[in-house]
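Chains as they are written, first to last, in the working numbering: chain A, 3 to 278; chain B, 664 to 1045.
Just so you know, the hints here were simulated from the structure itself, not pulled from any lab data. Source: prediction; values computed, not measured. Careful: at least some of the hints might be erroneous.
As the list claims (entries may be wrong) - Pairs of lysine to any residue residues, derived as SDA-like cross-links and limited to a Cα-Cα distance of at most 20 Å, are as follows: (1) Lys-949/B - Leu-66/A; (2) Lys-949/B - Ser-86/A; (3) Lys-948/B - His-87/A; (4) Lys-948/B - Leu-67/A.
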Amino acid sequence: MAVACSSGTAMQVDRVSFRYRTDQPGRPWTVEDLSFDVRAGEVLGVVGPNGSGKSSLLKLLAGLLRPSSGQIRLGSQSIGHIDSHLLARSIAVVPQEYVQVFPFTVAETVLMGRFPHRRGSWWGMGIGDESEHDLRQAHQAMVETDVVALAGRLVSDLSGGERQRVMIARALAQEPVILLLDEPMAFLDINHQIEICALISRLQRERQLTVVLVSHDLNVASQSCDRVMMLKNGRIVQIGSPMETITPESLRAVYGCDVVVDAHPYSGRPRVTMPA
Amino acid sequence: MTPVSPQLLTSESPPLASNRGEEGTAGSRDDWRRTGTILTHRRWLGIMGVLVAASVATCILCLRFGATPVDLATLLVVAKQWVGLGGAEGDGVGTAATIMMHIRLPRVLMGFVIGGSLAAVGVTLQALLRNPLADPYVLGVSSGAALGAALAMLLGIGASMILLPVLPLCGFAGGLLALLLIYRLAQSQGRLPVHSLLLAGVILNAILTALIMFITSIMEPNRSAGLMAWLMGSLTAPGYPALGVLVGYAVLVLAIVMHKAHALNVLTLGEETARSLGIETERIKKQLFVLTALLTGAVVSVSGMIGFVGMVVPHAVRLVVGSDHRLLLPASALVGGMFLVISDTIARTLLAPAEIPVGIVTALAGGPFFLYLLLWRKDRML
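Looking at chain B on its own, in the form it has when it is part of the complex (with noise of 0.2 Å):
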């Protein structure tokens, strides 16, 4: 966390010496500074913290939902045990203690962690796209990084993700390609127009979910129908090795994106005048390129194509924390980790014992958020 340097919270600044006259009072010349117009340390801590607080409480109470219910009692007794303070074997707080630290704990987080990574490949490609519609689903980024993946299943490769990540980097590949392809399409000028830009997404989606739809046909029934429920875009309980691997992946490229945080804003300016800034664009887009679609690849090998996460979330969370991609894109992460870990604990206990595609879920909840910011919100969009 970084350190607040008193000088910057706003309330304890010295007074601003004019040089054209006295313009308005004492107190309206700093009255910019305080209203939130701008990022302040302060409004960054107070933020974040809240969302912190809110992502571990919706993580726990999340817990509590399933086929098997489990009241916060039982939580809390293996909550304790957890941490090794012991308490009551009770009748029941065995099995509980099974189902939490093996079965729903992993999946809640790996929930969090995919929906985060989500959120923040999307603020990302809107920022570099210059376009609050760019979401690696609806530009076929998933599609691609999907069928790559599904390119190695197909193949028989896939088996040994953990210790050498082949899935993951089949999906890179494939997001990657997707990506590159898109840019090239969709770009006329030196701009990437709202519109060519969706519409090259919708026909490369369509391209590429053909030649999904091939692999599968192709392969042997039970292993395709397998193929046909990762894709709907589902979570499952994994082995805490291959969360760890996903974390790894979410940690790294977070960390690098956010050092880049600060340029994505001056990026919104325009490519030219962000260059005439001192920015190198191309190579901040070609490294963010990369980064996006590397953890596009790692988190659709693992959960599928979960839809809207990276549109919904970081419109919504802009809304109320601003533009500023130093607090939006940590905002976004936590939100979007916050959204896919209720969304999954609604796809696992609507039909309970059954469970439904959390794609499906997501795909619900934002295909009509998305309709609605395409009819009604144009002049925000173009």
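Chain A with its partners taken away, still in its complex shape (with noise of 0.2 Å):
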């Protein structure tokens, strides 16, 4: 189920506000009066400090939390009103960690992804209800992870950034519009860093995906969005093009701090880094 993007507009958050129900009321939001667009087809980047409502937000835009005010809108619907199976559909989340207890392959962990696509019938009780479709889909996905390799594996077994990978290829088997990402980098080795920085532009590229990238790492915002959006308490600081929001009076004003920001050599793009 693609949701037409005719407007350029993947989704639209019009002044969504959220805390969480055990907080007291005096207590502030954690998300506060947001209003912005998600761009069909682009990479943005969600950055600021820990506490700012980043991994919040991007919960909001999964539907996994409801905005105590405001709206968000897939095309014309607001999420809220979309079937969970059907969002399912659309918008593809990958958490942070992943830790599985039970001994399932990497191909059985992929196949999950299928399962809002599922046409069980009572009687089959769900075996064999993967048809060749999904089948396909799956291997698709792993193809484009690059985790073919590793199908008969445990994901238990696996490193975190191979564990990183089948888990966004689980959510690339659900043939999402929006892919959702909350710090997709947080544990991982610099080379795996490289590795999941290049399939996110790759999936942009090929699959023309949208994708939302919660990080708390400037310099893979920086380099791998095309817009980035500066969160701080609960409030947008900033979007635009890195350019525009990673600037030294900026970072300031987020962060509290001085920080060195220079162009990468290659790439142009703003650079952070420690002064001195």
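Please assemble the complex out of the two chains, which come individually in their own frames, going by the hints.
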């Protein structure tokens, strides 16, 4: 179920505020009065200090949390009104960390991404629900993330980078229009960070996928995103191209410290380093 | 049984068209589907076929053993008579037939249903709590059910079990309360860490056992002896109507849980990921908690506290058939049935004509296995 993006807008966030229900009434909003568009086919980075509301925003976009006020629209529909398994055919989420305690194989895990597309009968009890199309999509996702060779391995035996690629393959198997990534490189070594970065831009190019990427790493956001949104205390400080947003001034405003921002020698994009 | 759709049998599948160049040879592209990496119809039918045959064989073999050994030839004669083919009325065949049909067969069948139910409950709880050590006995669900049933016995309302299943319902109530309590106790920040789950289980077990002991102590001595024997976990020869009630519970619960098996797979990805894949996790969890408590209550009210079947069996089965719950669940049920039938055969033959409670046999077999998992397989558990 592809959602039409004729307007060039994949998702529209309209004056969304949110706070956890357990919070006392006096406490500040986790996310306050956010309005922005996610453009079709772009990689949008969300950066900001810890507790700025990045992950909560991602969960709001995924429909896992409901806004206290405001609306999030996918196409013309509010995502609160879309049936959860239909929503899962448009939006896929890759969580920050994935721990599997049971011995599932990589292929089994990727095929779980086909769950929103299943068409099982009561009496079939789900055995062999996977159709030829499901298997083909899962295989395609494994090819794109380069995990085909791992298909028979147990997910629990993989390295962090491999496991992250498997989780992205699982999300791709959903055939989503929008991919939401929560700190996809947080626990990875630099070589795996490079792999995931390359994978994201390849997916954007070849699948025309819209990606929203939450990261605490400003350089990752600068290198791999078309636009960057900077959050502080649940509010948008800046949104725009990396050139516009990642500046010493804005970083001082958000993080309260001085940093050196120069141009990356190859891409020319802003590069953030510690002073002296 | 599900019809086999031919396109799912991997050897007949057409080669895949890959969009991204020609990686590997034509053969290697399909390898991931051949080597048992995913569950296919063929694999499901093959493994289930073997297990069903093994279950039937185990039950028949275990019919032979007991205080009065019966050889296979006599067994065959009894079977022939039973299905109406007639056969010679030899010496001892009449007695053997009575022992077979009214004592051993119902007991073996009940053992099979109880073992299968406990294993299935174990698999379900493990998936729901995302914890391979979850087991109705270890978590205190069985104790809760036992307390409920013991209370009913104390108040003398357990007599009319068949027509109005008071005992199983009281067991259900106790088991469900214990399960909800343990879930609340062990949960921290939306997660169920293995250690807090086990710790909560230990404490809950201690409290519930104390309450059960209290009930035992205020009962008349002759009734409390019966209660104690039941608590240790023992199988008796039930009447066929009672067996029917138990089978009813087991079939009902297993059918519904089987229907959720595919969703259980996805639930092991984590609750938020499961929700992002379109699963209503809260609803499924509630339904399955109620169903597992219902089956545990029914089982405990009949057989007392038989421990570790729900943990040992699924773990062993997982090593062989993998983790896909669509196969793991029914396979564990069959293996659990066999495990308990064999344990019970040991329990009633080891010191024959005296019997030891089967709960002791399963605990002696399962306890060390549990310790082994806890000590040497930590990596797989956290």
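Each hint tested on the structure:
A C-alpha spacing of about 19 Å is found between Lys-949/B and Leu-66/A, which places the hinted pair at or below 20 Å, so the restraint holds. Between the alpha carbons of Lys-949/B and Ser-86/A the distance comes to roughly 18 Å, so the proposed pair stays at or under 20 Å and holds. Pair hint Lys-948/B plus His-87/A holds up; C-alpha atoms about 17 Å apart against a cutoff of 20 Å. Straight-line distance between C-alpha atoms of Lys-948/B and Leu-67/A comes to about 19 Å, which keeps the hinted pair within the 20 Å bound.
Every hint from the earlier list agrees with this structure, and none is contradicted.
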